[in-house]
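Visitor: Protein sequence lines, in the order shown, are assigned to chains A and B. Counting from 1, one number per residue, gives the positions in the first sequence under our numbering. Counting from 1001, one number per residue, gives the positions in the second sequence under our numbering.
Hints in this document: simulated from the structure, not taken from any laboratory. For each residue, glycine too, the CB sits at the ideal point set by N, CA and C. Among these hints, one or two may not hold up.
What the hints assert, rightly or not - No farther apart than 25 Å at their CA atoms in a straight line, the calculated lysine to any residue pairs in the SDA-like style are these:
no., chain 1, residue 1, chain 2, residue 2
1, A, LYS66, A, HIS81
2, B, LYS1149, A, LYS66
3, A, LYS443, B, GLN1098
4, A, LYS472, B, ALA1131
5, B, LYS1005, B, LYS1084
6, A, LYS40, A, PRO86
7, A, LYS298, A, LYS472
8, A, LYS443, B, LEU1134
9, B, LYS1149, B, LEU1134
10, A, LYS472, B, PRO1127
11, A, LYS472, B, LYS1005
12, A, LYS443, B, THR1109
As the list claims (entries may be wrong) - FRET-style restraints, in silico, Cβ to Cβ:
no., chain 1, residue 1, chain 2, residue 2, range
13, B, ASN1152, A, SER416, 44 to 54 Å
14, A, SER445, B, GLN1234, 45 to 55 Å
15, A, SER408, B, ARG1153, 11 to 21 Å
16, A, TRP79, B, ASN1152, 41 to 51 Å
17, B, ASN1129, A, ASP294, 33 to 43 Å
18, B, ARG1120, A, SER416, 31 to 41 Å
19, A, PRO120, B, ASN1152, 13 to 23 Å
20, A, PRO85, B, GLY1188, 34 to 44 Å
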Amino acid sequence: MKSEGFATASEARNEYVRRVTEQKYEFGFTTDIHTEIIEKGLNENIVRLISAKKGEPEWMLDFRLKAFRYWREQTEPKWGHVHVPPIDYQEISYYADPTYGKSRNSNNSSNSGQPDTIDPELEKTFDKLGIPLEERLALSGNTAVDAIMDSVSVKTTFKEKLREKGVIFCSIGEAVKEHGDLVRQYLGSVVPYRDNFFAALNSAVFSDGSFVYIPKGVRCPMELSSYFRINARNTGQFERTLIIADDDSYVSYLEGCTAPMRDENQLHAAIVEIIVMNRAEVKYSTVQNWYPGDENGKGGVLNLVTKRGELRGVDSKLSWTQVETGSAITWKYPSCILRGDRSQAEFYSVAVTNNYQEADTGTKMIHLGKNTKSTIISKGISAGHSQNSYRGLVRAAATADNARNYSSCDSLLLGSDCGAHTFPYMDVHNETAIFEHEATTSKISEEQLFYCNQRGIPTEQAVGLIVNGYAKEVLQKLPMEFAVEAQKLLSVSLEGTVG
Amino acid sequence: MLEVKNLHARIGEKEILKGINLVINDGETHAIMGPNGSGKSTLSAVLVGNPQYEVTEGEVWFNGKHSADGRLLPEGRKNLLEMKPEDRAHEGIFLSFQYPVEIPGVSMTNFMKAAINEKRKYQGLEPMNAAEFLKLMREKRKVVELDSKLSNRSVNEGFSGGEKKRNEIFQMAMLEPKLSILDETDSGLDVDAMRIVAEGVNKLQTPETSCIVITHYDRLLEMIRPQYVHVLYQGRIVKTGGPELAVLIQEHGYDWIKEEIGEE
């Protein structure tokens, strides 16, 4: 008469963990829509073709070509604690347009490249993802959305309302044409195309993404968000996001991502650049839920992303919050360059890996200005056969008098076949700098689960309670709508609504 | 309330319980005493369904009505051994752990809210509303004079030994079990803390609830007065008596009982 027919308690525990972590991927459907996909392969002609399709000015094409020529000379980085499968860059299509054939913006003055009317299939897709494209159906009535499918921005909501405040929120494609001076000034100024292999690739072939400009003294009246969806087969997504917060401005920006279940890997190599001027504040939140592959590690998105913000102004603030649950491989280090004196940067991260997922994620905090301060809170949760690594660099330049950093990196293991790793680097060139680092690794014990069971809490709920308690510090940083999605992703309701 | 019949259980290859028979009626308090390693904690663990132990033989019935000979009548009784630990809890079995475990990051408030609402779900009830729940927390804290600060802390994390034990009785008060098992709740407590715990337990007893008190000492039994005292030795109940048995054990130890049953 064994409990639930398991030979040993640890077998029973593993079974619980398997059940708890084996959540079906909810967003794995595909959209059946006529999509124009350019031929596979990458060469200068493809780069020119992408630029031509987007109707770009000469300087933009030059930027792309320079990046492409640099990329051609580079090799993929190998230092991450991940096993990136060989990527054949000639077997990928670099441009997929699900809005092809629709008439575009013939009836208004803007030059967004977005279709006048949205294909009902596209609308249905975003509805299913919980992202209504009609303004009257907006999430909370207070979030503007830029919806991007494959290589093209399908729709940006509330553009007019934001424009009243002087806020520019549009696709990067539109910005290149309509706000060329701003884009030209800032694009590549935080992440130059020479930064790394994938940054060079993105700079050569980036398709769409969002552009945000908050003018001086403006507090953006709405949450801004981008929703990225990969749909087409054998295509890469190379989105590019550029956010500029001018002096004394404020914006909170959210990013969500999903992809269909496909057997082959899909490449996603994005760049996000953020510029924060004097006394401005930017909050950037991500809930990343790209398709993680199946339970045997087949398929899934390769998420190789460069995200960086520069705190260019004095007293500026930048906060990255990320909940990473998807992707077969995540290689991502949202970073901050603290250039302005007294600037403050934060990185809050929860990374969940399961099955055969691998995540190598963390941040870089580069202190250049005086009295700058950064905080790193990283929570890794590993289950199944996954590998979860925190990799971080905190640097104080010789100029960074009184720089302060506090880092706390915790790992939680569910089961005994997964791995958690921490690679913290510190590089201090100023003796007045004070950096602190703490790290813990813990496991959910059978005793803890049984204690919960005895109080009437089944194991699945108990694991959820413990995992949410563990991630609480980060989840609390998310805007409300995202917190709800993040909780759901972590499989149970969030704590703290009572008491 | 409870009928245990010829219960055998082992951990790994080692048989620890070798045929326990025990009947507990509504409203009764039973003490279980015995030397170290006699199987007292194993008995409590098996009753609440700890998966580390394997039941090899016997029956455990819970709830329902007793017949004249003490057996539980078939209608309405539940076969505990076929139930998951959480369902046993929902049916009304509570264990005050000898070593309450710490659960970092999970506040007592959220923990109790989950426990109460899981029980309500089992009973087909809606979750308790927030105001009602907080009121209940406040009321029940008083039973064991538990500091309100503790309910905002993580479960048992950083609690002193005495606070952990009081916290167990607080949870008992919140969950209102039918059968409470106190596994050496007195160990590590000073006299004052023991009095608070004992008074808490006494306040919670009703004619419909029962209690099993596992202890080494009669001091707790002076405060929680059991009707029956059982001596567990080498996996069997070898002697049963009234409260006076606890006093005898306190004065003379267990050797005389071992002699009685024919051991050296």
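Visitor: Does each hint hold? Answer for all of them.
Guide: Consistency of the hints with the structure:
no.	hint	in the structure
1	A:LYS66 - A:HIS81	30 Å, violated
2	B:LYS1149 - A:LYS66	62 Å, violated
3	A:LYS443 - B:GLN1098	22 Å, holds
4	A:LYS472 - B:ALA1131	23 Å, holds
5	B:LYS1005 - B:LYS1084	19 Å, holds
6	A:LYS40 - A:PRO86	17 Å, holds
7	A:LYS298 - A:LYS472	31 Å, violated
8	A:LYS443 - B:LEU1134	31 Å, violated
9	B:LYS1149 - B:LEU1134	13 Å, holds
10	A:LYS472 - B:PRO1127	22 Å, holds
11	A:LYS472 - B:LYS1005	46 Å, violated
12	A:LYS443 - B:THR1109	22 Å, holds
13	B:ASN1152 - A:SER416: 44 to 54 Å	33 Å, violated
14	A:SER445 - B:GLN1234: 45 to 55 Å	30 Å, violated
15	A:SER408 - B:ARG1153: 11 to 21 Å	19 Å, holds
16	A:TRP79 - B:ASN1152: 41 to 51 Å	43 Å, holds
17	B:ASN1129 - A:ASP294: 33 to 43 Å	41 Å, holds
18	B:ARG1120 - A:SER416: 31 to 41 Å	35 Å, holds
19	A:PRO120 - B:ASN1152: 13 to 23 Å	51 Å, violated
20	A:PRO85 - B:GLY1188: 34 to 44 Å	56 Å, violated
Going through the hint list in order, the structure does not satisfy hints 1, 2, 7, 8, 11, 13, 14, 19 and 20.
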